[in-house]
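Q: Use the sequences and the hints to build the structure in full.
First to last, the sequence lines map onto chains A and B. Residues in the first sequence are numbered consecutively from 1, following the numbering used here. Residues in the second sequence are numbered consecutively from 1, following the numbering used here.
Treat the hints with caution; some may be incorrect.
[Unchecked claim] In silico DSSO-like cross-links for lysine-lysine, where the CA-CA straight-line distance does not exceed 27 Å: (1) A:96 - B:45; (2) A:96 - B:99; (3) B:99 - B:45; (4) B:309 - B:283; (5) B:283 - B:295.
[What the hints assert, rightly or not] Cβ-Cβ distance ranges computed for the label pairs, FRET-style: (6) A:73 - B:151: 26 to 32 Å; (7) B:148 - A:186: 55 to 61 Å; (8) A:170 - B:215: 32 to 38 Å.
FYI, nobody ran anything at the bench for these hints, they're computed from the structure. Remember, predicted model here, so these are calculated numbers, not experimental data. Ideal Cβ placement from N, Cα and C applies to all residues, glycine included.
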Amino acid sequence: MAALEQRGTRARPVEVGAAPRAGALGESHVVHTDGRDVRLFFLCGHPKSGTNWVGALLNLHPGVVCRGEFRFEALRNAYDALERHWWHVASEAPVKAEAERCFRETVARLMIAAMRAHNPAASWVGDRTPRALAAYIPGAPQVYVLRDPRDVLVSWTFQELREGGPNIGAGPLAAATAPLRGAFAADPAIFREHPERLLSCEAWVRFAARRYARHVGGDLEFIARAGGGEIDAPLHIVRYERLHADIDGERSALYRFFGLDPAGAAAPTRGTRTLPGFETEDPASFFRKGQPADWRRYFTDDAKRWFKAETGDLLARLEYETGTDW
Amino acid sequence: MNRLQRLAWRVQRVVAKAPPAVFFLRGHPRSGTNWVGALLNLHPKICCKGEFHLDGIRQTVRRIQAQTWHVVGREPVRSILDQCVDDMVRRCLHAVADKPGATILGDRTPHTLPGDGEAMVEGAPFILAVRDGRDVVVSWRYHLLRQSETVIRATVPPPMQERFLADAARFRAEPGFYASHPDRLLAHEEWVRHAAQRWSNWVLHDRGVTQRAERGELPAKVLEVRYERLHADVEAGRRRMYEFLGLEADEAGPVSERSRTTAGFGREDAGSFYRHGEVGDWKTYATEDARRWFKESAGQALVDLEYEKDLNW
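A: In structure tokens:
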């Protein structure tokens, strides 16, 4: 197993029968509701890393319900703003403590509501949101999905083009990406014939690479702190590529992380979008291709140079490369 | 209130089996929200505290609920999130409530009314403090000049900060400077225009919400309290507020200088949060230039709010 995953799983694993005592909403990740204990978890990762796929795989198990997106990070930021200035009453106890309890209870109440609506028998309920790792509920396990950032960039670019996305559809990148957007609008399949054009906008490639590096750089810090026991958050890292290569082995490890019997899970199917990749490439679909190393088709020498300049040694730290000579 | 008193108060609420009612006191900074809050607190059944700044949570909730493709934008999670916000507001207000007999809790925060007229607690009314923008700008200027560099940098836009900080340093060194040089208080054109524009945007927004609520287009229940009218007749003004909240006005205690509930503060103290509290104080400081900058930035708002008939002042 790679070093990164070892750092993640060094934190306290979850075991059936060894869960902490169930407490009031928000006090712990174990919630006593409807006469039984339900446990909360979080599924995170950078957008386009495969969080939807991993969430769908988790939902194949009858003991799990994983829904998205709850957007707890936006709520967390709003709660943090309550104590931004000294003249806010929430900058001091007791409002500060009460607001924190309210935040945690909100997280728990919303997740329990989703469980009741979608799988009332589940013993685990998860929030799938493509966001940075953060410990919102003490002790709540985290599943972190990691994918080669070059594939993330390709997938993200297609998504932005398809949806006129928030990063290139408006704002400072709109003008620079206009030729790209125009070409895609005229022919969504244009990059099959001209793959070198997909990452031809330097401003976009640098922006996306920089943003990825900031997001995942923070996640690596979280993983190190969780691995060192500084943060109370058991962590399981799922690599997109490894899941693609060995779906049964990887998802079994995932179920076991939650103390569940892998034999209880249904088999992956096309209908549940749980098999690796998609039968045909559809550049106009959210589920476009789903293949590892797809980046090789699209990365020109220029794109590689821009990407490396913005991400530094990140690929090596993520163990996708041993250096910058790629 | 100590822990025992707080516990007693909570037990009282549980026994009564009814959560205290909640209201929101809103208005532009330096419009008299502190004074109005103090007047409300003279009533034994009202506990009004601030500043909570809970509106940011509500705005975030509305933004994420609008994303209907996410679980948080769909039922049942959507409605439960609204309940959570309601609970959060009540609980944060309870956390600092220090009057065992209070049945109505208030959040005093200088903030605009919600654009959709919906309170964070369903049905909760708003008391809206409104004051002549020219007095607001004078009071705001004095207030900021007294603040630390950190606060000034957090509240004054970056292009204006250096000059503002220089003015603040001079004010600290010589608190009576503007009393002897009143023409200099509003000499910072960029800031005066910014402050006037901000006041204008704010009060016109609140006026729009209030008018739509009066026409029944929005659910908000709003009582507008004009600083100047309250100053002219404190007793009538506070009686209106108590009755708006469904309370017996006669149960309220008397106004006093000690509780800072009288109109004005007797003498001017440039170094105090409670500096002057007078109506029309702006005339002392308004040069021809300052008048022109204010008119160009907020003149129409003064007319719309009936502080002036036109721009010829």
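Q: Check each numbered hint from earlier against the structure, then list the numbers of those it violates in ascending order.
A: Of the numbered hints, all hold.
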